Amino acid sequence: MNSPRAAWLFLAPALLVLGLFFLLPVIAALVLSLTDYDLYALADIRNLRFVALSNYWELLHRRLFWSALGNTFYFVAVGVPLSLTASLGAALLLNSPLARMKPFFRTALFAPVVTTVVAVAVIWRYLFNTKYGLINYALDSVGIHPVDWLGDPHWAMPTIILFAVWKNFGYNMIIFLAGLQAIPGDLYEAARIDGASVPRQFWHITLPMLKPTLTMVGMLTVAGYFQLFAEPYVMTEGGPLQSTVSVLYLMYEEGFKWWNLGSASAVAFLLFVIMFAVTATLLRFSRRGGEA
Amino acid sequence: MAVLMLMAALLASCSRQANDSHELTFWTVGREGEAVAKLIPDFEREHPGVHVKLQQLPLTAAHQKLLTAVAGGSTPDLTQLGNTWIPELAALDALEPLQVRVERSHTVQQADYFPSIWATNLIDGTLYGVPWYVDTRLLFYRKDLLRQAGFDTPPRDWTQWRHMLAALSPAQRRGYGILLPTNEFEQLLALALQQDEPLLRDNNRYGNFRSAGFKRALTFYVETFKLHQAPMISNVEAGNPWTEFGRGVYAFYLSGPWNIGEFRQRLPAAQQDDWSTAPLPGPEGPGASNAGGSSLVIFRRSPHKEAAWQLVEFLSRPAVQQRFYDLLGDMPPRRSSWEGGALHDDPKARAFRDQLERVKPTPPIPEWERIVTEMQLVAAQAVAGQLTVDQAAVEIDRRADGILEKRRWMLDRQGRSR
Numbered sequence: 001m002n003s004p005r006a007a008w009l010f011l012a013p014a015l016l017v018l019g020l021f022f023l024l025p026v027i028a029a030l031v032l033s034l035t036d037y038d039l040y041a042l043a044d045i046r047n048l049r050f051v052a053l054s055n056y057w058e059l060l061h062r063r064l065f066w067s068a069l070g071n072t073f074y075f076v077a078v079g080v081p082l083s084l085t086a087s088l089g090a091a092l093l094l095n096s097p098l099a100r101m102k103p104f105f106r107t108a109l110f111a112p113v114v115t116t117v118v119a120v121a122v123i124w125r126y127l128f129n130t131k132y133g134l135i136n137y138a139l140d141s142v143g144i145h146p147v148d149w150l151g152d153p154h155w156a157m158p159t160i161i162l163f164a165v166w167k168n169f170g171y172n173m174i175i176f177l178a179g180l181q182a183i184p185g186d187l188y189e190a191a192r193i194d195g196a197s198v199p200r201q202f203w204h205i206t207l208p209m210l211k212p213t214l215t216m217v218g219m220l221t222v223a224g225y226f227q228l229f230a231e232p233y234v235m236t237e238g239g240p241l242q243s244t245v246s247v248l249y250l251m252y253e254e255g256f257k258w259w260n261l262g263s264a265s266a267v268a269f270l271l272f273v274i275m276f277a278v279t280a281t282l283l284r285f286s287r288r289g290g291e292a
Numbered sequence: 001m002a003v004l005m006l007m008a009a010l011l012a013s014c015s016r017q018a019n020d021s022h023e024l025t026f027w028t029v030g031r032e033g034e035a036v037a038k039l040i041p042d043f044e045r046e047h048p049g050v051h052v053k054l055q056q057l058p059l060t061a062a063h064q065k066l067l068t069a070v071a072g073g074s075t076p077d078l079t080q081l082g083n084t085w086i087p088e089l090a091a092l093d094a095l096e097p098l099q100v101r102v103e104r105s106h107t108v109q110q111a112d113y114f115p116s117i118w119a120t121n122l123i124d125g126t127l128y129g130v131p132w133y134v135d136t137r138l139l140f141y142r143k144d145l146l147r148q149a150g151f152d153t154p155p156r157d158w159t160q161w162r163h164m165l166a167a168l169s170p171a172q173r174r175g176y177g178i179l180l181p182t183n184e185f186e187q188l189l190a191l192a193l194q195q196d197e198p199l200l201r202d203n204n205r206y207g208n209f210r211s212a213g214f215k216r217a218l219t220f221y222v223e224t225f226k227l228h229q230a231p232m233i234s235n236v237e238a239g240n241p242w243t244e245f246g247r248g249v250y251a252f253y254l255s256g257p258w259n260i261g262e263f264r265q266r267l268p269a270a271q272q273d274d275w276s277t278a279p280l281p282g283p284e285g286p287g288a289s290n291a292g293g294s295s296l297v298i299f300r301r302s303p304h305k306e307a308a309w310q311l312v313e314f315l316s317r318p319a320v321q322q323r324f325y326d327l328l329g330d331m332p333p334r335r336s337s338w339e340g341g342a343l344h345d346d347p348k349a350r351a352f353r354d355q356l357e358r359v360k361p362t363p364p365i366p367e368w369e370r371i372v373t374e375m376q377l378v379a380a381q382a383v384a385g386q387l388t389v390d391q392a393a394v395e396i397d398r399r400a401d402g403i404l405e406k407r408r409w410m411l412d413r414q415g416r417s418r
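Residue numbers (the UniProt record's numbering), protein chains in the order written: chain E, 1 to 292; chain S, 1 to 418.
Derived by calculation from the structure, the hints in this document are not laboratory data.
Note that the coordinates shown come from a computational prediction; the quantities given were computed from them, not determined experimentally.
Note that CB positions come from ideal geometry on N, CA and C, so glycine has one too.
Where hints are given, some of them may not hold.
[What the hints assert, rightly or not] Heads up, incomplete: computed chain S residues facing chain E, CB under 8 angstroms, no partners named:
(1) 381
(2) 385
(3) 394
[Said to hold, decoys possible] Below, a list of computed lysine-lysine pairs in the BS3-like style, where the Cα atoms sit at most 25 angstroms apart:
(4) 53(S) to 65(S)
(5) 38(S) to 406(S)
(6) 131(E) to 226(S)
(7) 143(S) to 305(S)
(8) 257(E) to 38(S)
(9) 143(S) to 257(E)
(10) 257(E) to 211(E)
(11) 167(E) to 102(E)
(12) 305(S) to 65(S)
[Claimed, not checked] Now the in silico label distances, taken between C-beta atoms and shown as ranges:
(13) 270(S) to 100(E): 50 to 56 angstroms
(14) 53(S) to 82(E): 57 to 63 angstroms
(15) 53(S) to 257(E): 40 to 46 angstroms
(16) 53(S) to 143(E): 56 to 62 angstroms
(17) 122(S) to 230(E): 51 to 57 angstroms
(18) 53(S) to 115(E): 31 to 37 angstroms
(19) 274(S) to 123(E): 30 to 36 angstroms
(20) 37(S) to 285(E): 30 to 36 angstroms
Between the sequences and the hints, there should be enough to build the whole structure, so can you do that?
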């Protein structure tokens, strides 16, 4: 047996599984997005109409789609940097030689990641309650007027971002921690001998050495944050005034609430295209940065 | 990932569990499951061969689960079904027509049921369900607060109501006249159903929200917020409306029958005489409200339709319905069930009995829930001052017409083929 054939033979099981459970559904969804598959089509397939690109066309003319896209970009643009900063900050603190009780803090900071969104959302909803919430109580005691966190269209998204960052930063923190521990100690030692201050050590040693980790974590976080769904689903149900409807939430409503699977598939593909473009751009930027 | 989620729904299990000939699968939605579990042993004693397998679906997941079950061919024998969902499952041809069984039945007597509630089970003249319990919206009010403001009786029409709301709002006291959560469509819908014009026109092909009647209802609704007689909040923020009602933050609360039980449970004994219920005031005199509630339906694919029908009959008996009310507070859909038991003597239930003779069904089409959801989204924008009443009415019509496009296409095609 020649070697290419052997290679294909070994690849076959994986390709088969991928083709059957990934490629085929994706193609089917693409076909679906070109039809008006809905409740009536489910009842009788003769009610199915091929509509070409009109699902996409209608979506692009729907204000809700654009506002959902805007909300999603808002969430990504604010949430990702905030999340990365929080993760890196926590990792640096944990990695500091001055830190005590490291295992305890590591567990405590990682805990939100392994809790269930639904259970935690109940607590957060109480914390952010306008009248009885702890947050407003604390603000009130320093003389700030109560904020309608989840009810005001301007505050709902920031609250969701805060919730998501708190819920997810522990995961990236662990990856950063591993990255930090991989940086050789003699680099810092040399820098100290040369008289470099702590901020300069961070800027010239820690950040460059962490760059591959940062790129990877950043990319994964962006991809993850684009798929915002669970947080608005459990905290606000997309409200108030649809200010927390994300693209994926829109897809859920179209597909599972109203059973318009055709237009829901179109939403999914548009989101896929957008995410692909954004991550590809980010990747190109980070490569160019690497060459410079 | 998103794409995969969608496909999962389509590929939803095609496996059909093998049904034991003595096992009857019964799905319930929400709180009813726990109460009905206490009624089932009596049924099983009467029908020794039948074992009822009860499955409780949470309300938020029920709709999706039912549609997925139909798509995957794994429906139960019978289920509890909100009567606004009947048109959808009927469109999917998933339900067993029941007219013949009803005509043969000694227990289920159509004439005994509230006519509008019964009508919600008729889709294009075919009967698909038997009403199980009813749900309509009316006013809960604080007797003591109204009395302090100089009103001895609850309002009968909108003019009186507006007058009382004004007297009980922030200008006069700490608190609001009424709680109308901006993300719930039921309140505005009840006001809209009081109008003479239908909500959809031309055999439910187009929206009719531009009618003078709907605009009148929307104006009344929006003005309640503009005059600060209701706070501009959603039910998520309203959090615990029962305690707030008890504290007098709201003098009126527009809600359904289950809240009789909630208020009895949550408010202290000393306060129980301070609140009551009243039929919903209409534009001129007592008005209509929505004909909500749940029905019992049997699935076409069920192999045990006879046993399923026996369970439907059992749950339709007045004595069983009275016990059901005692357990849960769900109100029976037939007049004879109201003639005995705790329900008959309950002063707080009386307003519901009165209201039930004056309820109106919503348009019986699968698209209705989506249309009414869009109606509320636009209405919330009008409340927030982003749209005028006229603009909002036009916008709701535009969205409704868009949603109904497929229905029009199908009706036209059926018209041509005939």
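Here is what the structure says about each hint:
Interface restraint check for residue 381(S): the shortest CB-CB distance to chain E comes to about 7 angstroms, inside 8 angstroms, so the restraint holds. Against a cut-off of 8 angstroms between C-beta atoms, the interface hint on residue 385(S) is violated, since the closest Cβ of chain E lies about 11 angstroms away. Taking 8 angstroms as the C-beta cut-off, the interface hint given for residue 394(S) is violated, the closest approach to chain E being about 15 angstroms. Pair hint residue 53(S) plus residue 65(S) holds up; C-alpha atoms about 17 angstroms apart against a cutoff of 25 angstroms.
About 44 angstroms separates the Cα atoms of residue 38(S) and residue 406(S), which puts this hinted pair outside 25 angstroms; it is violated. Note on residue 131(E) and residue 226(S): the hinted pairing holds, with a Cα-Cα distance of about 22 angstroms set against a maximum of 25 angstroms. A distance of roughly 49 angstroms separates the Cα atoms of residue 143(S) and residue 305(S); the hinted pair therefore is violated under the 25 angstroms criterion. Straight-line distance between C-alpha atoms of residue 257(E) and residue 38(S) comes to about 32 angstroms, which puts the hinted pair past the 25 angstroms bound.
Proximity of residue 143(S) to residue 257(E) is assessed by CA-CA distance (about 40 angstroms); at most 25 angstroms being required, the pair is judged violated. The straight-line distance between the Cα atoms of residue 257(E) and residue 211(E) is roughly 43 angstroms, outside the 25 angstroms bound, and the hint therefore fails. With a CA separation close to 20 angstroms, the supplied pair residue 167(E) and residue 102(E) stays within the 25 angstroms bound. Our distance criterion of 25 angstroms between C-alpha atoms is met by residue 305(S) and residue 65(S), whose separation comes to about 21 angstroms.
Between residue 270(S) and residue 100(E) the CB atoms are about 55 angstroms apart, so this pair conforms to the stated range of 50 to 56 angstroms. For the pair residue 53(S) and residue 82(E), the beta carbons lie near 49 angstroms from each other, so the given range of 57 to 63 angstroms is not met. For the pair residue 53(S) and residue 257(E), the beta carbons lie near 28 angstroms from each other, so the given range of 40 to 46 angstroms is not met. In this structure, residue 53(S) and residue 143(E) meet the distance hint of 56 to 62 angstroms, their C-beta atoms being roughly 59 angstroms apart.
Distance hint check for residue 122(S) and residue 230(E): the Cβ-Cβ separation is about 40 angstroms, which falls outside the suggested range of 51 to 57 angstroms. Taking the beta carbon of each, residue 53(S) and residue 115(E) are about 33 angstroms apart, inside 31 to 37 angstroms as hinted. Look at residue 274(S) against residue 123(E): about 33 angstroms separates their beta carbons, and that is inside 30 to 36 angstroms. Checked against the hint of 30 to 36 angstroms, the C-beta distance between residue 37(S) and residue 285(E) comes to roughly 60 angstroms, which is inconsistent with it.
In this structure, the earlier hints numbered 2, 3, 5, 7, 8, 9, 10, 14, 15, 17, 20 are contradicted, and the remaining ones agree with it.
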